[in-house]
Amino acid sequence: MSREALLKAVNEVFWDVFDDESLDIREETTAADVNGWDSLRHITLIENIEDRFDIRFTMLEVNGMKNVGEMLDIIAERARE
Amino acid sequence: MPIISLQFAIFLSLILLVYFCLPARLQWVWLLCGSFFYIIMASDLEMTMVFTIIVLFTWITAKAIMAQKKQGKRSALLGIGLLFQFGGLFFFKYGDFFAGTINGIGKTLDMDIRLTGWSVEAPVGVSYFMLMLMGYILDVYWGKYPAENNPAKLALFAGFFPALTSGPFMRYDTMNGQWFGDQKHKLSYQNLTLGLQRILWGLFKKLVIASRAQIIVDTIYGDFDTYQGFYIWVAVFVFVIQLYTDFSGLMDIVLGVAEIMGIYLPENFKAPFFSISVSEFWRRWHITLNEWLRDYLFNPLQRCSVLRNFRKWMRKHCRKEYEKYFNVPLYIALFVTWFAVGFWHGGKWKYIIGVGLWMWLVIVLGMIFAPLFKWIVRRLGINTDCFSWRLFQRIRTLLVFSVGLSFFRAEGLGKVYLMWSRAFADNIWILFDQSLYELGLDAVNVHVLFWGIGGVLAVDYLSTRYDVRAVIARQNFVFRCIVWLVLMLIVVMLGLYGRNYDTSSFIYAGF
Numbered sequence: 101m102s103r104e105a106l107l108k109a110v111n112e113v114f115w116d117v118f119d120d121e122s123l124d125i126r127e128e129t130t131a132a133d134v135n136g137w138d139s140l141r142h143i144t145l146i147e148n149i150e151d152r153f154d155i156r157f158t159m160l161e162v163n164g165m166k167n168v169g170e171m172l173d174i175i176a177e178r179a180r181e
Numbered sequence: 007m008p009i010i011s012l013q014f015a016i017f018l019s020l021i022l023l024v025y026f027c028l029p030a031r032l033q034w035v036w037l038l039c040g041s042f043f044y045i046i047m048a049s050d051l052e053m054t055m056v057f058t059i060i061v062l063f064t065w066i067t068a069k070a071i072m073a074q075k076k077q078g079k080r081s082a083l084l085g086i087g088l089l090f091q092f093g094g095l096f097f098f099k100y101g102d103f104f105a106g107t108i109n110g111i112g113k114t115l116d117m118d119i120r121l122t123g124w125s126v127e128a129p130v131g132v133s134y135f136m137l138m139l140m141g142y143i144l145d146v147y148w149g150k151y152p153a154e155n156n157p158a159k160l161a162l163f164a165g166f167f168p169a170l171t172s173g174p175f176m177r178y179d180t181m182n183g184q185w186f187g188d189q190k191h192k193l194s195y196q197n198l199t200l201g202l203q204r205i206l207w208g209l210f211k212k213l214v215i216a217s218r219a220q221i222i223v224d225t226i227y228g229d230f231d232t233y234q235g236f237y238i239w240v241a242v243f244v245f246v247i248q249l250y251t252d253f254s255g256l257m258d259i260v261l262g263v264a265e266i267m268g269i270y271l272p273e274n275f276k277a278p279f280f281s282i283s284v285s286e287f288w289r290r291w292h293i294t295l296n297e298w299l300r301d302y303l304f305n306p307l308q309r310c311s312v313l314r315n316f317r318k319w320m321r322k323h324c325r326k327e328y329e330k331y332f333n334v335p336l337y338i339a340l341f342v343t344w345f346a347v348g349f350w351h352g353g354k355w356k357y358i359i360g361v362g363l364w365m366w367l368v369i370v371l372g373m374i375f376a377p378l379f380k381w382i383v384r385r386l387g388i389n390t391d392c393f394s395w396r397l398f399q400r401i402r403t404l405l406v407f408s409v410g411l412s413f414f415r416a417e418g419l420g421k422v423y424l425m426w427s428r429a430f431a432d433n434i435w436i437l438f439d440q441s442l443y444e445l446g447l448d449a450v451n452v453h454v455l456f457w458g459i460g461g462v463l464a465v466d467y468l469s470t471r472y473d474v475r476a477v478i479a480r481q482n483f484v485f486r487c488i489v490w491l492v493l494m495l496i497v498v499m500l501g502l503y504g505r506n507y508d509t510s511s512f513i514y515a516g517f
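Read top to bottom, the protein sequences are chains A and B. 101 is the number of the first residue of the first sequence in the working numbering; add one for each residue after it. 7 is the number of the first residue of the second sequence in the working numbering; add one for each residue after it.
A hint or two may mislead.
[Stated by the list, open to error] Have a look at the derived ranges for each label pair, beta carbon to beta carbon: (1) A:103 to B:391: 41 to 47 Å; (2) B:149 to A:154: 18 to 24 Å; (3) A:136 to B:55: 47 to 53 Å; (4) B:107 to A:179: 47 to 53 Å; (5) A:154 to B:393: 43 to 49 Å; (6) A:136 to B:89: 36 to 42 Å; (7) B:75 to A:151: 26 to 32 Å; (8) B:193 to A:103: 47 to 53 Å; (9) A:181 to B:15: 55 to 61 Å; (10) B:391 to A:151: 31 to 37 Å.
[What the hints assert, rightly or not] Here are the simulated DSS-like cross-link-like pairs (lysine-lysine), alpha carbons at most 30 Å apart as the crow flies: (11) B:354 to A:166; (12) B:318 to B:330; (13) B:159 to A:166; (14) A:108 to B:318; (15) A:166 to B:113; (16) B:330 to A:108.
Hints are computed from structural coordinates only; laboratory data are not their basis. From the three backbone atoms N, C-alpha and C, an ideal C-beta is built for every residue, glycine too.
Sequences and hints are given; from them, build the entire structure.
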C-alpha cells in the first residue's frame with residue numbers, strides 16, 4: 101500500500117471514530133489538532149487502526165506516537181513484517 | 007530543610023558555587039552529593055539507607071530485565087520489581103488506611119476484626135521517587151531505552167534535591183541528557199536571571215497569596231457553627247486559590263532553582279482555571295502526575311486483554327453509539343485511574359473521593375449525558391462559539407473542581423457532610439458588607455489577596471497566548487528592572503513571613 105493510500109485509509113478510520121468526515125488528517129497532524137482526540141479517545145482510535153490494518157501496536161508505540169506520520173511509519177513497518 | 011528558608015538558600019548557594027566550577031563529568035556527581043546531603047538533613051541516615059536500597063533494587067531489576075531474552079522471565083522480573091516498589095509505597099504510606107478499611111469492613115459485616123495500623127517513618131519524597139522509579143522500570147521493560155549502567159545516575163534521577171519532596175514527576179529519558187551530557191553547564195546570565203525571576207514569582211504566589219488565603223480558609227473550615235452559608239462558599243473557592251498558589255508557587259521555585267543550574271524540569275501547571283471541561287482541567291493541573299498515570303496505568307489498563315476483549319465484544323454486539331456514550335471498559339479504566347489519583351494523595355477517603363472518584367463521576371456522567379446536553383443546547387438555540395459560553399464552561403469546571411477540593415481540605419467525611427449541609431443559608435450580604443474583613447484578615451489584607459489573585463489569573467491568561475517571561479525579556483533593560491523590582495518589593499513588603507507565619511510548609515510537600 102502506498103503512503104497516500106495508507107493516509108487515506110487512516111483518514112477514514114479518523115472519520116469513523118470522531119464522527120466527522122470533514123477531518124483532513126495529514127502526516128503532521130497531532131492530537132492537539134483534532135477536536136476530541138484526547139487520552140479518553142486515544143485507545144479507541146488505536147484499536148480501530150489495529151483492526152483496520154490487522155496489526156498490534158506495542159505499549160511504547162501507544163504512548164509515544166507524536167503525530168499521524170509516526171503512526172503511518174509503524175503501520176508501514178508492520179505491513180512489511 | 008524547607009525550600010523557603012535561610013538554610014536552603016545557603017545550601018543552594020554553596021551547591022551552585024562549586025557546581026559551576028566543576029567539569030561536566032563531575033557536575034552530576036556534585037548534584038548527587040548535594041541530594042544525599044539534602045535527604046540526610048530532611049530525614050536521617052536510616053531513611054537515606056532505605057532510599058539507597060530502593061534505588062539499588064530498581065537498578066538491579068532493570069538490568070536483569072534488559073539482560074533477559076525470554077518474555078516470560080522478563081514479565082516475572084517486572085512483576086517482582088513493581089511489587090517491591092508498590093509494596094514499599096504501601097508499607098510506608100498506607101498502613102493506617104489498610105487497617106482502618108479492614109476494620110471498617112469487619113464492623114459492617116458484624117465481625118470482630120481489630121487490626122492495628124502502622125505509621126512508620128518514610129524516606130523523604132517517597133510518593134514522588136517511587137512512582138518515577140516505577141516508570142523507569144516499565145520504560146526499560148517496554149524497550150523505550152536501555153537500563154542505566156551506573157546506579158549513581160539512577161540515584162540522582164530519583165533524589166534530585168530541588169524536586170525530591172514535591173515533584174514534578176520526571177522521565178529518565180528526558181532528564182539523563184541534561185544531567186549526564188558531555189556539555190558543561192556554565193553559569194549563564196540568561197539562566198540565572200530567568201531562574202531567579204521564576205523563584206520570585208513562586209515566592210509571590212506563596213507568601214503574598216497562599217499565606218493570606220490560608221488564614222481565611224482555616225478560620226472558616228475550623229468553625230462551621232459560626233460560619234455558614236456563603237462563608238462556606240467563600241472558603242471553598244479561596245481554598246482552591248490557596249492550593250493553586252501554594253503548589254504552583256512551589257513548582258515555580260523548584261523549576262527556577264533547576265533552571266539556574268541549566269536543568270529544565272517539566273511544567274506541572276498550564277493555566278488550569280481557563281479549562282472548559284474537567285478532563286481539560288486535569289491536563290493542566292498537576293500535569294506530570296496525570297501524564298504519569300495516563301502512560302503507566304490508564305493506557306496499559308485499557309490495553310489489558312480483559313478490557314480489550316470487553317470492548318471488542320461491545321463493538322460486535324452493540325450499536326456504535328453505545329461504544330461512544332456507554333463505553334463501560336473505558337469507565338472501568340477511568341475508575342481505577344481516578345481511584346489511584348486520590349489514593350496517591352494519601353490513605354484517606356476524603357482524598358480518594360474528593361480528587362478521585364468525584365472527578366470520575368463527573369467525567370463519566372458528562373460522557374453518558376453528552377447527547378442530552380447537545381440536544382438541550384440545540385433546542386435552546388445557545389451560541390456555543392462565543393466568550394460567554396466559554397466563560398460559563400470555565401465557571402462550571404471550577405465549581406466541579408472546588409466541590410472535590412472541599413473533601414480534600416476538610417478534616418474528614420463527617421466534616422464535609424456538616425459543611426455542605428450548612429452551605430445554603432441565606433446570607434449573601436456577607437459578600438458585600440464588612441463580614442469578610444473579620445475572618446483573620448483586615449480590609450487591606452483582603453484587598454491585597456483579591457488583587458494578588460487577579461494578578462496571577464491575568465498572568466495565567468496571558469501565558470495561554472504568549473511566553474510571558476520571553477515577552478518581558480525582550481523589553482528594555484530599565485523596564486525589565488522596574489517590573490522585577492516592583493515584584494520583589496511586593497514580595498518583601500506584602501509577603502507574610504516571619505515568626506508568626508509558617509512559610510516552610512507546602513501542602514503538596516506533605517505527600
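Verification of the hints:
Taking 41 to 47 Å as the suggested C-beta distance range, the pair residue 103 of chain A and residue 391 of chain B does not conform, at roughly 36 Å. Checked against the given bound of 18 to 24 Å, the beta carbons of residue 149 of chain B and residue 154 of chain A, roughly 23 Å apart, stay inside it. In this structure the hint that residue 136 of chain A and residue 55 of chain B lie 47 to 53 Å apart at CB holds, the actual value being about 50 Å. Our hint of 47 to 53 Å for residue 107 of chain B and residue 179 of chain A holds, since their Cβ atoms are close to 50 Å apart.
Evaluation of the 43 to 49 Å hint for residue 154 of chain A and residue 393 of chain B yields a pass: the beta carbon distance comes to about 47 Å. At about 37 Å, the CB distance of residue 136 of chain A to residue 89 of chain B agrees with the hint of 36 to 42 Å. Distance hint check for residue 75 of chain B and residue 151 of chain A: the Cβ-Cβ separation is about 31 Å, which falls inside the suggested range of 26 to 32 Å. Separated by about 48 Å at the C-beta atoms, residue 193 of chain B and residue 103 of chain A satisfy the suggested range of 47 to 53 Å.
As the Cβ distance of residue 181 of chain A to residue 15 of chain B is approximately 57 Å, the hint placing it in 55 to 61 Å holds. Taken as a hint, the range 31 to 37 Å holds for the pair residue 391 of chain B and residue 151 of chain A, whose Cβ atoms sit roughly 35 Å apart. For the hint pairing residue 354 of chain B with residue 166 of chain A, the CA-to-CA distance comes to about 37 Å; that exceeds 30 Å, so the pair is violated. For the given pair, residue 318 of chain B sits about 13 Å from residue 330 of chain B by alpha-carbon distance, which is consistent with the 30 Å threshold.
In summary, the hint linking residue 159 of chain B to residue 166 of chain A is supported, as the alpha carbons are separated by about 28 Å, within the 30 Å threshold. A hinted pair counts as satisfied when its Cα atoms are at most 30 Å apart, and residue 108 of chain A with residue 318 of chain B qualifies at roughly 24 Å. Distance hint between residue 166 of chain A and residue 113 of chain B is unfulfilled; the C-alpha atoms sit about 51 Å from each other, more than 30 Å. Simply put, residue 330 of chain B and residue 108 of chain A have alpha-carbon atoms about 23 Å apart, close enough for the 30 Å limit, and the pair holds.
Hints 1, 11, 15 from the list above are not met by this structure, while the remaining hints are.
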